[in-house]
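Visitor: Position chains D and V relative to chain R; hints supplied.
Spelled out from the first residue to the last, the chains are:
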Amino acid sequence: MKSAAHDFPSRARAGLQNPDLVRAMARARTGFIDKRRAAVDALPEYPQLRRIAREIKEHTLQHLDYYLERFEARVREHGGHVHWASTPAEAQAIVLDVCRAAGAKRITKGKSMVGEEIALNEALEAAGFEPIETDLGEYIIQLANEPPSHIIAPAIHKTRDQIADLFHARHAQYGLHERRTEPTALVGEARTVLREKFQTADVGITGANFLVAETGSSVIVTNEGNGDLTNTLPRVHVVTAGIEKVVPTLEDMSTILRVLARNATGQEASAYTTLSSGPRRAGDLDGPGEYHVVLLDNGRSQMLGNEFHEMLRCIRCGACMNHCPVYHAVGGHAYGWVYVGPMGSVLTPLMVGLDEARDLPNACTLNGRCREVCPMEIPLSDMIRKLREREFDERLTPPRTRLGLRAWAFAARRPALYRFVTSLAMRVLGLLGRRRGRLRRLPLAGGWTGTRDLPAPAGETFMAAWAKRRVEKR
Amino acid sequence: MSIARERILASVRRSLRRAGPLPESVREVLDRRLDAPAPNLKPALDDDPVSHFVHKADAVHARISRVSTLAEVSGVVLRHIEEHGLGESIVAAPGLEGVQWSNRLAVERRAARGSDQISVTGAFAGIAETGSVMLLSGPESPTTLNFLPEDHVVVLRESRIVPHLEDAWAMLREERGSMPRTVNLICGPSKTGDVELVILEGAHGPRRLHVIVVRE
Amino acid sequence: MPNRVRQSPDDATARPRVGLLVTCLVDLFRPAVGFAAVRLLEDAGCVVDVPAVQTCCGQPAYNGGDSGNARAIAKRTIEAFEPFDYVVAPSGSCAGMLREHYPRLFPTGAGWHGRAQALAERTHELVSFLADVLGVREVAARFEADATYHDSCSGLREMGVRGQPRRLLASVGGLTVAEMRDSDACCGFGGTFCVKYPEISTRLVDEKCAKILATGAGVLLGGDLGCLMNIAGRLARESHPVRVFHVAEVLAGTAGRGIGERGR
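Protein chains in written order, with my numbering: chain R, 43 to 516; chain D, 435 to 650; chain V, 5 to 268.
The shape of chain R in the complex, shown without the other chains (with noise of 0.2 Å):
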């Protein structure tokens, strides 16, 4: 997926003034955060299994050449191929080979973020296939032509009734002509579209959760059972996964599972975990005949020992931008990538570029939310303020910004002639602003009187104060 991260004000500026998002984000918060809490609250191991559960990403981080080998040789002994890839267009190369090698023409998908991460859809249409979203969310974002809003809910931001126009649109040709706006109508329809999908499906693509080393497995996790259909009817079956998904045993996978249900739905277990391992075997009656595992690294073995280590152990919850104010008022597409919230405020810089992606680590309050959350404790405000420095450094920084950081800067280092001309500005203001005890328009700050007034300043500094009471005590 091409990066409109750079568009980031007005996107912005149009995900606040929809309307449809505002709503659609209120139930997010809701929805979300409370159903979380509630999940966490219930379980009173929660805090040693997110402890152990990052211990067992950081342990596997710091010898990850030793398991990512140890997952390719046991895929090797099920029967299975893995391919590495360096860039996103290696791993477009690399599926494209096998569905052209598998004479494919349909391919179903399951939900993948490495895949969008890869642009995967634009790759198999533009040679010619045909490839298909299963999980409902990327359907319908699929119809729509347009990238996920969201990790765990992709279409978060569309209505009922948008959903009923896509599908109005859309259905006819398979008969379905009806506009029906319930959700279980909705449901049902896909169901029936995609099921004659699914069975003329020659590959089918999905992500994975976990690869695990000890046993050569891919797992995913999800509630539809969209991605079992993908990875046991069509002939062929290709997991596209980031290097850094690789766990060592069943165990910790098991371990990381039961926070990461928890943290991205609420719930104690996704209704379909599922470990592929290899092609069919040898009496199996169904299940492909050939698997493929595709490593992605695309800027993660460079991540691994700097100062954006952490982020590596992210599981993809969701749960830092389901408690990102910034992300519930702008919405998904205003970061402008596969990412958002604040794992695409750090992902997106790093995958696409900093320039590209400037305004993303600003629209951040630095609240810390997302880090109090993250199952993983990823210090996603560190990071955020890391890739600051960075832009300062670069001179990414806009030159307004520099300038007046510059001179605040100058000012604070000079305690003299910072009391000298904050007093003097603060007497100037507290006349000002006498009358009303509040500012409603002030020179340059248009930025904050815009919406909100400013309280005026008392006139006299505490430091000038303190100094006259020090004065009358002697």
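I should point out that these hints are in silico values taken from the structure, not numbers from a laboratory.
Glycine included, C-beta positions come from ideal geometry on N, C-alpha and C.
A few of these clues could be false.
Below, in silico cross-link-like pairs of lysine to aspartate or glutamate (DMTMM-like), each with a Cα-Cα straight-line distance of 20 Å or less [stated by the list, open to error]:
hint	chain 1	residue 1	chain 2	residue 2
1	R	Lys510	V	Glu46
2	V	Lys200	R	Glu87
3	V	Lys79	R	Glu431
Every beta carbon over 12 Å from chain R, so not counted as near; a handful from chain D, in silico [claimed, not checked]:
hint	residue
4	Ile437
5	Leu443
6	Ile498
7	Thr503
8	Gly509
9	Ile515
10	Glu516
11	Gly521
12	Glu522
13	Glu531
14	Val541
15	Glu609
16	Gly636
17	Arg649
If you want the footprint, here are the derived chain R segments under chain D, 3+ residues with CB under 8 Å [what the hints assert, rightly or not]:
hint	segment
18	178-186
19	189-199
20	262-268
21	338-350
22	398-404
Guide: Here is chains D and V on its own, set in the frame of chain R:
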């Protein structure tokens, strides 16, 4: 070996400040960790595994029937069919043994097809902690039976219910030795929240999951 | 008086010496908060001084990516406050800057890192300092109002301020505190964020205002002047007659003119 593979592994090692693969002594420690996997923390359960399983499965809207013997399974399936007004042909997992099917039922033993209404399968294990059933793929238990039909009936013996997922992995290693192509952990019927976050059942997988817990 | 905890009232050398980090916003906009803090600390038995060389903790530079200037300002602040037993700020955000972030500004092992670390360990937010370090359980103040309390993000998440202000406010005569929904959600201030992304900031403060108004409270209290000026400014612009005070003013019994109210 591909160029990308070597490039990625080299980059990983560079980032971890290592010149090459891990020293043998470290590899041995990690090998042992993989060869004898140990459970991490298993959350305490507040009652016996079977009651816990039933309680949790019910909470995620799996239908639970408890019977004494396999002889009662056929009757439960018939009642399920009557209750939901379904046809009397079912697909059973080839490996599901010991069930005496009523002659009202037309039973086929095969993988699933798109038109199948009801499948009946066994289960490798039940996980008390979450109320999930674990099914393993194989000639006796085709995976499509777990996903294509509208109704999935699972026959689970009480003796196969274990407290935690970790216990099921231990059982899998002991009884099977290696991973089947597919392991399915199923926790309630198929569901989605993708339309305005309204949770609805029957997205792509079975609309109804019925677990028959057999005491014998 | 029961609210005063003095270890050895007659022995000035045994009383904790507190350096007050006034914070730039209190210094410039609302000195009354600074004097309320001094009063609370002195009532609790501290010897309070205010180093004259302090300006600002350096957060705008730090959060703006200008770590060079942040470091320079941090060094000044460290030097100014090193002689004290404790550094106390009427702000979770500025105290958090000293406690959480100063040590990170300097490489581990460097002399300045050790000095920053030592200062960090002695740095506290005002209300949690009163409650957790000095053991203050109640105050003698009166304030007739139905209020609600906003948890400022840094205070809550960096300094662990949550129960302390609520417990102390419970001892204020005439005051009731009703909880708003999501009291821990950001108000949209975020330092320079509020002027860099004013539209987003306004949405956030509007949501905060709605939750405040939903409680029916006539007064909003909080521990960080940045948040309070933001919320008070928006409430005033939308003509909502909710009065806004820093929690220290109410605890010290000096709450008179609310933030953004005209002088009498």
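Visitor: Okay, the segment 178-186 of chain R and chain D, do three or more residues pass the C-beta test at under 8 Å?
Guide: holds (count 3)
Visitor: Would the least Cβ to Cβ distance between Arg649 (chain D) and chain R come out above 12 Å?
Guide: The assertion about Arg649 (chain D) holds, with a minimum of 25 Å to chain R.
Visitor: Verify that the Cβ of Glu531 (chain D) lies farther than 12 Å from every Cβ atom of chain R, and report whether the claim holds or is violated.
Guide: For Glu531 (chain D), whose nearest Cβ neighbour in chain R is about 17 Å away, the distance exceeds 12 Å, so it holds.
Visitor: Do the alpha carbons of Lys200 (chain V) and Glu87 (chain R) lie within 20 Å of each other, as the hint requires?
Guide: violated, 42 Å
Visitor: Check the non-interface label on Ile515 (chain D): least C-beta distance to chain R beyond 12 Å or not.
Guide: holds, 21 Å
Visitor: Please verify whether Lys510 (chain R) and Glu46 (chain V) have alpha carbons no more than 20 Å apart.
Guide: Holds - the C-alpha atoms of Glu46 (chain V) and Lys510 (chain R) are around 18 Å apart, at most 20 Å.
Visitor: Quick check for students: does the CB of Gly521 (chain D) sit more than 12 Å from each CB in chain R?
Guide: holds, 18 Å
Visitor: Please confirm whether Val541 (chain D) is truly not at the interface, meaning its C-beta sits more than 12 Å away from all C-beta atoms of chain R.
Guide: Non-interface label stands for Val541 (chain D): nearest chain R Cβ at 16 Å, farther than 12 Å.
Visitor: Quick one, are Lys79 (chain V) and Glu431 (chain R) close enough, alpha carbons at most 20 Å?
Guide: holds, 19 Å
Visitor: Mind verifying the non-interface call on Glu522 (chain D)? Its CB should be farther than 12 Å from each CB in chain R.
Guide: Label holds. Min Cβ-Cβ 23 Å, cutoff 12 Å.
Visitor: In terms of Cβ atoms, is chain R entirely out of 12 Å range of Thr503 (chain D)?
Guide: holds, 28 Å
Visitor: Any Cβ of chain R at or closer than 12 Å to Glu609 (chain D), or is the non-interface label fine?
Guide: holds, 14 Å
Hint violations for this structure: numbers 2, 4, 5, 16 and 22, all remaining hints satisfied.
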